[in-house]
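With the hints as constraints, model all of the structure from the sequences given.
Chains A and B, in that order, are what the protein sequence lines are. Quick note on numbering: the first sequence equals residues 1 to 129 in this note's numbering. Quick note on numbering: the second sequence equals residues 1 to 167 in this note's numbering.
Simulated from the structure, these hints should not be mistaken for laboratory data. Using N, Cα and C, we set each Cβ at its ideal position, and we do this for glycine too. Any given hint could turn out to be false.
To be verified - Example chain A residues on the side facing chain B (calculated, C-beta under 8 Å, incomplete):
id, residue
1, I41
2, F48
3, K52
4, R60
Read off the chains here:
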Amino acid sequence: MPDKEEIFSKVQESLVEALSVDDDEVTAEASLTRDLGAESIDFLDIVFRLEKAFGIKIPRGDLFPENLLNNPEYVEDGKLTDAGLGELKERLPYADLAEFEKNPVVGNLGDVFTVGMICGYIESRLDGE
Amino acid sequence: MRWFWIDRITHLEKGKTAGAVKNVTLAEEHLHDHFPGYPVNPQSLMIEGMAQTGGILAGSTVDFRENIILAKITKAVFHRLVRPGDQLRFESELVMTSPEGHRAETTITCDGELIAESSMMFVNLNVGNDVERDRDGVFVFTEGFMQLLHECPGFDLADYPVGDDHV
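Have a look at this one:
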């Protein structure tokens, strides 16, 4: 299994290619949407490149959860409810949600999807294989 | 059947590769404005040709029964100008594929010389919608495209039957 540095390096390469950004912009803390300018179609491109780079299959919604925000149980007044946060934690156990939890406004959810989160996901996937 | 920037589909291997040709002629009106006295085939139209070749290839994965559209041009590089009299050969390969979308890499050559290369993402608009797989609701692969396909050597619509599973 590749070490953390190798995983980061491959993730970085995938993001540089998918998003046409510079290497030094792809830091562990960088948010895909806010800092790297990713749009919805880019998420599929990123998934394709990660699958190829690591030789794994990433099921739909596994890395970037879907159908969370259109569930009224999880969203109220533009914020994630406790149930929504619980669901998010369950689906993204490798994400650092500490900052988001302080003000779980839906508009800030994109900040959760960081380069570090992707590395965490890949590590957990490779660990389980 | 106007907005066609490939003249003929030369081959199609379902979900894998597709080829097309485009003959650039001085009879194309836009070449006289682009540029006066020095006609050059616009790169934007070659991008469209690559999108059409890759899009047909992506469409073959769903038997042309769902709407698959160009969503992103990740890369497009051009190596030389294209002039009237040039015959462009498009070769497209699906390098990644899933029910939600595809990535196609396409090259254009002229007499064996590399003219352009691109990487494009296509998405399937029908995924996530409960739509019957039927050509009636398809606005991408219209009659014009199907006519182009019918003229492709070896193409047989029977190879793309209703209800066939995705590639």
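Going down the list of hints, with the structure as the test:
The interface hint given for I41 of chain A is met, as the beta carbon of that residue sits about 4 Å from the closest beta carbon of chain B, less than 8 Å. Nearest Cβ of chain B to the Cβ of F48 of chain A: about 4 Å, under the 8 Å cut. The hint holds. This hint holds: K52 of chain A has a C-beta 7 Å from the nearest C-beta of chain B, less than the 8 Å allowed. Given the 8 Å rule on beta carbons, the hint for R60 of chain A holds: about 6 Å separates it from the nearest Cβ of chain B.
Checked against the numbered hints given earlier, this structure breaks none of them.
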